[in-house]
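**Q** Whenever a hint applies, use it, and build me the whole structure from the sequences.
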Amino acid sequence: MSETTSTNEENKLPLNGRRAIPPNYSNDEENEVPEMEAFGLIPRGFNPRDYLRVVDIYMFKEPQEINKQEHHTDKYYNPRLIVRRGQAFQIQIDFNRPYKPETDQFWLEFLMGRYPQQNKGTYIPILVGNALKPGQWGAKIIHMKNNSIRLSIMSSTTCIIGKFRMYVAVLTPFGILRTRRNSATDIYILFNPWCQLDAVYLDDEKEREEYVLNDVGIVFHGNVEDIKSRSWSYGQFEENVLDACLFLMDKAELELSGRGNPIKICRVASAVINSRDDNGVIAGSWNNTYDNGVAPSAWTGSVDILLEYYSSKKPVRYGQCWVFAGVFNTFLRCLGIPARLITNYSSAHDNNANLRLDFFLDDEGKVDTKLTKDSVWNYHCWNEAWMTRPDLPVGFGGWQVVDGTPQETSDGMYRCGPASVQAIKHGHVCFQFDAPFVYAEVNGDIFFTRMEKNGTQVVENIDTTRIGQLIVTKEVGGDGMMDITEEYKFREGSDEERLALETAVMYGVKKESIQDTTYQPQTDVDMDFQAQKAVLGNDFKVTITFRNKSRNSYTATTYFSGNVVFYTGVTKREFKKHSFSAKLEPSSSNSFDIVIKSSEYMSDLLEQASLHFFVTARINETGKILAVQKAIMLEIPALRIKTKGGLVAGKETSVTVEFTNPLKQTLENVTVRLEGPGVLRTIKKQFGKIPMNSTLTWEVRFTPMRPGLRKLIASLNSDALRHVYGELNVQVQKP
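Per numbering that gives the first Met the number 0, the very first residue in the sequence shown carries number 0; after that it's consecutive.
Honestly, the hints are just simulated from the structure, not real lab data. Every residue, glycine too, gets a C-beta built ideally from N, C-alpha and C. Just to be clear, a hint being listed does not mean it is correct.
Distance windows between CB atoms, simulated [stated by the list, open to error]:
(1) Leu708 <-> Leu126: 39 to 47 Å
(2) Val54 <-> Phe173: 17 to 25 Å
(3) Thr702 <-> Pro78: 39 to 47 Å
(4) Glu61 <-> Pro124: 21 to 29 Å
(5) Arg490 <-> Asp410: 50 to 58 Å
(6) Glu407 <-> Thr542: 35 to 43 Å
(7) Thr702 <-> Asn30: 39 to 47 Å
(8) Asp202 <-> Thr702: 54 to 62 Å
(9) Asn30 <-> Arg96: 29 to 37 Å
(10) Arg639 <-> Ser147: 56 to 64 Å
Under the rule of at most 30 Å between Cα atoms (straight-line distance), these lysine-lysine pairs were calculated in the DSS-like manner [as the list claims (entries may be wrong)]:
(11) Lys650 <-> Lys369
(12) Lys119 <-> Lys139
(13) Lys596 <-> Lys575
(14) Lys643 <-> Lys684
(15) Lys509 <-> Lys452
(16) Lys623 <-> Lys227
(17) Lys641 <-> Lys688
(18) Lys688 <-> Lys596
(19) Lys532 <-> Lys510
(20) Lys643 <-> Lys582
(21) Lys424 <-> Lys509
(22) Lys629 <-> Lys650
(23) Lys629 <-> Lys575
(24) Lys452 <-> Lys532
(25) Lys576 <-> Lys623
(26) Lys623 <-> Lys510
(27) Lys596 <-> Lys582
(28) Lys532 <-> Lys596
(29) Lys227 <-> Lys650
(30) Lys369 <-> Lys509
(31) Lys576 <-> Lys629
(32) Lys733 <-> Lys683
(33) Lys688 <-> Lys74
(34) Lys227 <-> Lys424
(35) Lys540 <-> Lys510
(36) Lys452 <-> Lys575
(37) Lys663 <-> Lys650
(38) Lys650 <-> Lys540
(39) Lys365 <-> Lys623
**A** Put into structure tokens, the structure is as follows:
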């Protein structure tokens, strides 16, 4: 008895006092659809074969056929039909006899998820009509021949994004006859930046090619004085990546009915890209230890990360900001939302929307690392996604900031965005989502504050120009850098900038006001700090220059501190301390050189090879303090990639990766990765050691898959040296 009840129970929906139907989160789950849906008792002698019957359905789903060509989906490695919403596509239905419009009646059904409902957009019946209306579901016959008809089908411009199951239903006097469940007729429907009625419509073809169809990008890193770049493989068209991206929305438990809305998709994706509170895709690690995982700098692209997550359902270890942003960019482009990866140099962090970052100085004017909690990241990467914002007043559509790196919670989860770039620029930070946080990341001020013995704080110096001083992205159609700082902020010191700041403060961004009495800087002496180009493993020189513009003689007690830092601006260890007294004659300049030896910094060096210098000087005669800080990036040698002869699609060839160890030590636990979207899937090889000055050579044989201009990207990772990259553009010829 008990066994039968348990099976009955399973077929029943779980009881829930609030809703008749459970939440519909999964694009993968299905419901049973009857092949024969009877209207009542079926008379004896009824034979479905006497009626119009579907024999075959042809989807025109090959990359070279009309649908994928017209819908710009021919690059996806996926055997199913993939179309973009709001644009017509074609299918052919073969019946058992010629179709008679006067007496025969059939329609199409598109279903998604386990509980398809018409009012939720997860069950869509489409009758055949005479004309298609723009932006609305419909179908019309465009060709009839013998037993076949060809249909043109239009999808809605607000249709859900994801995988639909398709059935053809035929009406008979006694019931509805349906085609059998066949996964070969499944259809993926994506966003359509080519369609004017779609929320993600972008009107420039070159921009669409870059922000939707380009599967390789550039990550700018380093710091503002020393910008570095590396390639990243987005790989949004690679095998199984589309399914992995749809799975992310299931994982985030976004109702199927909400998946036509790019705002909702971006908001839930910014949470699910990181693992902080929902076991999302990537686990972050900023502490330079990457046990049981891959160092963030070793990844060359998003595909490995997404596919590992899709199969294991567990967070992939490890990522830092550019990894979160790279994977987020793949997700957005894969679904058809135009997206680009942004780098903000000197990014203010952990700022709870406060425009003040405090660097505390001790009595002598040295930076107190224990008291100083705020940090300025050398750079921080986020994404912009392009869409209309019908939830905001007119004028705030276009590029929206979305950020998958976990920093602050927003509505109780680690996520950020979408926040309108236009709203950030004008200080209208009252508009959802998370605009005050982004505004502060690009507009903060650094306060050098001295703690007196009695606990009072004295502001000694304010740097108003460093935070967010350069914001960049890859240029359209090339590998160069495009400066987009002016899209985020008005020129420093302009009237518009002041007005935007006042607006932001009115809407709740916190800004400290400084009474004129408390802060009077020393204006007649300038202090500057310069470093010569520094190569990893070599000594280099830094220079401190004072310019006394007054007619007075001064003496300056100067403290110099060199620190190994994470790219997040957090100090790991002070490796050099130096203090000296400088005599400043009236109306003259003095320079002081300090040599930094490689033996001082190498033992503690972190993967981004970033050093940070603080210089503070007290003018003894006035008690005033001058402060300057600078981050420098050590030059890391590159990997070399070489090919032998020309590359032809479908023909085996080989490529060689080379690297010479520049350090005065042996490199241990060396791993090299190589990948290229459309050329070869990631391959990695482990090498035990590379002795100093010796060269590693690795030959890889592979068969390029697609013709065209492609990019090979390689990375090398070891215990002592990370962030080693190389790349090569290759032209793959047609066979």
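**Q** Hint by hint, say whether it matches the structure.
**A** Hints, verified against the model:
1. Leu708 <-> Leu126: 39 to 47 Å: holds, 46 Å
2. Val54 <-> Phe173: 17 to 25 Å: holds, 21 Å
3. Thr702 <-> Pro78: 39 to 47 Å: violated, 20 Å
4. Glu61 <-> Pro124: 21 to 29 Å: At roughly 28 Å between Cβ atoms, proline 124 and glutamate 61 fall inside 21 to 29 Å, so the hint holds.
5. Arg490 <-> Asp410: 50 to 58 Å: Once the Cβ atoms are compared, 34 Å apart, the range 50 to 58 Å for aspartate 410 and arginine 490 is violated.
6. Glu407 <-> Thr542: 35 to 43 Å: Distance hint for glutamate 407, threonine 542 holds at roughly 39 Å.
7. Thr702 <-> Asn30: 39 to 47 Å: Taking Cβ atoms as reference, threonine 702 and asparagine 30 lie about 42 Å apart, which means the hint holds.
8. Asp202 <-> Thr702: 54 to 62 Å: Once the Cβ atoms are compared, 39 Å apart, the range 54 to 62 Å for threonine 702 and aspartate 202 is violated.
9. Asn30 <-> Arg96: 29 to 37 Å: Once the Cβ atoms are compared, 31 Å apart, the range 29 to 37 Å for arginine 96 and asparagine 30 holds.
10. Arg639 <-> Ser147: 56 to 64 Å: holds, 57 Å
11. Lys650 <-> Lys369: Violated, at roughly 60 Å.
12. Lys119 <-> Lys139: holds, 24 Å
13. Lys596 <-> Lys575: holds, 10 Å
14. Lys643 <-> Lys684: Judged against 30 Å, a Cα distance of about 20 Å means the pair holds.
15. Lys509 <-> Lys452: Cα-Cα ~27 Å, so holds.
16. Lys623 <-> Lys227: violated, 36 Å
17. Lys641 <-> Lys688: Holds: lysine 641 and lysine 688 sit about 22 Å apart, inside 30 Å.
18. Lys688 <-> Lys596: The given pair, whose Cα atoms are some 25 Å apart, holds under the 30 Å limit.
19. Lys532 <-> Lys510: violated, 37 Å
20. Lys643 <-> Lys582: Violated: lysine 643 and lysine 582 sit about 62 Å apart, past 30 Å.
21. Lys424 <-> Lys509: holds, 16 Å
22. Lys629 <-> Lys650: Distance of about 51 Å is beyond 30 Å: violated.
23. Lys629 <-> Lys575: Holds, because 14 Å separates the two Cα atoms, which is no more than 30 Å.
24. Lys452 <-> Lys532: Status violated; Cα separation ~40 Å.
25. Lys576 <-> Lys623: holds, 21 Å
26. Lys623 <-> Lys510: holds, 24 Å
27. Lys596 <-> Lys582: holds, 26 Å
28. Lys532 <-> Lys596: Since the Cα atoms of lysine 532 and lysine 596 sit roughly 13 Å apart, the hinted pair holds (cutoff 30 Å).
29. Lys227 <-> Lys650: violated, 35 Å
30. Lys369 <-> Lys509: Roughly 24 Å between the alpha carbons, so the hint for lysine 369 and lysine 509 holds.
31. Lys576 <-> Lys629: holds, 15 Å
32. Lys733 <-> Lys683: The hint holds at about 27 Å.
33. Lys688 <-> Lys74: violated, 40 Å
34. Lys227 <-> Lys424: OK: lysine 227 and lysine 424 at ~26 Å, within 30 Å.
35. Lys540 <-> Lys510: violated, 38 Å
36. Lys452 <-> Lys575: holds, 26 Å
37. Lys663 <-> Lys650: Violated, at roughly 42 Å.
38. Lys650 <-> Lys540: violated, 51 Å
39. Lys365 <-> Lys623: The hint holds at about 13 Å.
Taken one by one, the earlier hints fail for this structure at numbers 3, 5, 8, 11, 16, 19, 20, 22, 24, 29, 33, 35, 37, 38, listed in ascending order.
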